[in-house]
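*Asks:* Turn these sequences into a full structure, and let the hints guide you.
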Amino acid sequence: MPANLPPHVEANVPGYVEKLTYLESLEAPSDRGKRRLAARVWSGLWPVGLAIVIVLAVWQLIHLSGWKSQIFPGPGATLSNLWHQLQTGLLWHAIGVTAERAVLGFGLSVLIGALIGAVVSRIKPLRAAVGSLITGLQTLPSIAWFPFAIILFGISTTAILFVIILGSAPSIANGLIAGVDYTPPLLLKAGKMMGLRRLSLYRYLILPASLPAFVAGLKQGWAFAWRSLMAGELLVIIANQPSLGVLLSTDQDQSDMASATAIIIVILILGVIVDQLFGLADGAIRRRWGLAGENS
Amino acid sequence: MVRQVNSVTVTDRRTAPSVGGTKGAVRLTAVSKVFGRGSSAVSALDRVTLKVPPGEFTCLIGASGCGKSTLLSLVAGLEQPTSGEVSAAGAKVAFMFQEPALFPWLTAAGNVELALRARGLGKAERRQRTAELLETVRLTGFGGKRPHQLSGGMRQRVALARALAQDADVLLMDEPFGALDAMTRDVLHDELDRICGGRALTVLFVTHNVREAVRLGDRVIVLSSRPGRVIASYDVPIERPRRIDSAPVAELAAQVTDRLREEMSRDAS
Numbered sequence: 002m003p004a005n006l007p008p009h010v011e012a013n014v015p016g017y018v019e020k021l022t023y024l025e026s027l028e029a030p031s032d033r034g035k036r037r038l039a040a041r042v043w044s045g046l047w048p049v050g051l052a053i054v055i056v057l058a059v060w061q062l063i064h065l066s067g068w069k070s071q072i073f074p075g076p077g078a079t080l081s082n083l084w085h086q087l088q089t090g091l092l093w094h095a096i097g098v099t100a101e102r103a104v105l106g107f108g109l110s111v112l113i114g115a116l117i118g119a120v121v122s123r124i125k126p127l128r129a130a131v132g133s134l135i136t137g138l139q140t141l142p143s144i145a146w147f148p149f150a151i152i153l154f155g156i157s158t159t160a161i162l163f164v165i166i167l168g169s170a171p172s173i174a175n176g177l178i179a180g181v182d183y184t185p186p187l188l189l190k191a192g193k194m195m196g197l198r199r200l201s202l203y204r205y206l207i208l209p210a211s212l213p214a215f216v217a218g219l220k221q222g223w224a225f226a227w228r229s230l231m232a233g234e235l236l237v238i239i240a241n242q243p244s245l246g247v248l249l250s251t252d253q254d255q256s257d258m259a260s261a262t263a264i265i266i267v268i269l270i271l272g273v274i275v276d277q278l279f280g281l282a283d284g285a286i287r288r289r290w291g292l293a294g295e296n297s
Numbered sequence: 002m003v004r005q006v007n008s009v010t011v012t013d014r015r016t017a018p019s020v021g022g023t024k025g026a027v028r029l030t031a032v033s034k035v036f037g038r039g040s041s042a043v044s045a046l047d048r049v050t051l052k053v054p055p056g057e058f059t060c061l062i063g064a065s066g067c068g069k070s071t072l073l074s075l076v077a078g079l080e081q082p083t084s085g086e087v088s089a090a091g092a093k094v095a096f097m098f099q100e101p102a103l104f105p106w107l108t109a110a111g112n113v114e115l116a117l118r119a120r121g122l123g124k125a126e127r128r129q130r131t132a133e134l135l136e137t138v139r140l141t142g143f144g145g146k147r148p149h150q151l152s153g154g155m156r157q158r159v160a161l162a163r164a165l166a167q168d169a170d171v172l173l174m175d176e177p178f179g180a181l182d183a184m185t186r187d188v189l190h191d192e193l194d195r196i197c198g199g200r201a202l203t204v205l206f207v208t209h210n211v212r213e214a215v216r217l218g219d220r221v222i223v224l225s226s227r228p229g230r231v232i233a234s235y236d237v238p239i240e241r242p243r244r245i246d247s248a249p250v251a252e253l254a255a256q257v258t259d260r261l262r263e264e265m266s267r268d269a270s
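These protein sequence lines are chains E and V, in that order. Read left to right, the first sequence gives residues 2 to 297 (the numbering used here). Read left to right, the second sequence gives residues 2 to 270 (the numbering used here).
Check the hints yourself; a few may be wrong.
In the DSSO-like style, the derived pairs of lysine-lysine whose C-alpha atoms are separated by at most 30 Å in a straight line are [as the list claims (entries may be wrong)]:
| no. | chain 1 | residue 1 | chain 2 | residue 2 |
| --- | --- | --- | --- | --- |
| 1 | V | Lys24 | E | Lys190 |
| 2 | E | Lys220 | V | Lys146 |
| 3 | E | Lys193 | V | Lys24 |
| 4 | V | Lys124 | E | Lys193 |
| 5 | E | Lys125 | V | Lys124 |
| 6 | V | Lys124 | E | Lys190 |
| 7 | E | Lys190 | V | Lys52 |
| 8 | E | Lys193 | V | Lys146 |
| 9 | E | Lys193 | V | Lys93 |
Please keep in mind that the hints were generated in silico from the structure rather than gathered at the bench. Small disclaimer: the values here were computed from a predicted structure and weren't measured.
*Replies:* Structure, rendered in structure tokens:
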């Protein structure tokens, strides 16, 4: 490598610097991180597959042991129940209602959380006060808000959305504030020396720098939103609006364990899918920034 | 006690081009900087007086803790002196750090272009200037790479291109090559010579490597440690192109090193 280019002998030879630039470029990290898509998908899928197999096996064993076999169906009966429900319009309708609330509730949380985060992160005295308020809100189980919300808004979608926002927006605001706070001081110095000021400093430096923390906040916010939504749909049952919560609640009333379990599986899958989407976004940012290791 | 160090007119290639007036001149007058208060106060700089004429390449050298970096921060306006006066005479100041401090979400070209955008340049001009600057630091073809895809030396080249993009009169460099291997550093010395030679750029270059200081500087200023004071100033009358291992460079470097050793042993006793 560079050893065969004694720098002081050849320094004035034309092409020397080009040669060295080339050699230097060889030392630059390669793009080995870009593994084949198939390999990436496989490495993400096999643990999930194994987990499913383990759950099904344990479930089947419990079923075979005869424990509460009168009311607790095995995986076969449950999955066939799920399969049948998937053929009916009711389940899809319920998924639609729930998904709509999730999108609306989470969307509003993002708007409100980002707005609060942006304002609070810019005003220093506010940060300490609102910071502890946000932490407080996060520790409060959002289900505790339902009586409050129902008294305020009645049995309505608004009550559910209200609780989703209270549960989810603090995490999103927190993510943005953390991102702004942890913008590396050296980059801030560099940005200021470059002449970035106020708004442009935010637009070109602080906001992009806080993106990973913001995405982490979104992911956590989504988890809270999904929990709040499920609690809300079990507590706030609105006539003629079959949601996943309503189906689950009806199954409870009718002691239909196969259907109840089938709905739980649907809820689980929906939650996991959205969580994976945030995981993908996070991974994409990490690769772009060069934060990811070989395996992610 | 403060020894006044007056600037000496340096016979140099950079005084030849149109460096009229005082733009780019840096002047520190009895500048002191104290961090903290009361018993925990640390004096980083003590009545430093320094005059750097426009277009001069000045190297600041000293043991760690001599306040070299603080001095640059004061000139950059990132910090205010406790007493004394810092003036860069309305000059635009760019800063290069030991780490490249590139924005990881932007490509190499994007990093350079952002500095142009901060100056308010239009899109077409930005694109053209970015290409020129990348060519200047010999990174044509690497503009689309992100910082983590480049080697350490290439990252510092991008940082240099970004600093040049600011069209500054004064370039502050805080051990910019300190983290690089000797080979890469040597090449970047040549590059810096070439790039600065073609511009009316005042450079304040901080390093703890005496040979590097003599290799690059029109003048080498030695600072004492804790608190930093100017204790000596050496003109470097060696013709360019210079080589870091040439006899004249080594000879002057030995003199500077002796002066530094003397200071350090006095400090230790």
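*Asks:* All hints are to be evaluated individually against the structure, with a verdict given for each.
*Replies:* Structure-based check of all given hints:
1. A hinted pair counts as satisfied when its Cα atoms are at most 30 Å apart, and Lys24 of chain V with Lys190 of chain E qualifies at roughly 23 Å.
2. Taken as a hint, the Lys220 of chain E and Lys146 of chain V pair is honoured in the structure, with Cα atoms around 29 Å apart against an allowance of 30 Å.
3. At most 30 Å may separate the alpha-carbon atoms for a hinted pair to count; Lys193 of chain E and Lys24 of chain V meet this at roughly 21 Å.
4. A C-alpha spacing of about 21 Å is found between Lys124 of chain V and Lys193 of chain E, which places the hinted pair at or below 30 Å, so the restraint holds.
5. Note on Lys125 of chain E and Lys124 of chain V: the hinted pairing is violated, with a Cα-Cα distance of about 35 Å set against a maximum of 30 Å.
6. Of the supplied pair hints, the one linking Lys124 of chain V and Lys190 of chain E holds, its CA atoms being roughly 25 Å apart against a limit of 30 Å.
7. Restraint check for Lys190 of chain E and Lys52 of chain V: the C-alpha separation of about 25 Å stays at or below 30 Å, so the hint holds.
8. A C-alpha spacing of about 24 Å is found between Lys193 of chain E and Lys146 of chain V, which places the hinted pair at or below 30 Å, so the restraint holds.
9. A hinted pair counts as satisfied when its Cα atoms are at most 30 Å apart, and Lys193 of chain E with Lys93 of chain V qualifies at roughly 12 Å.
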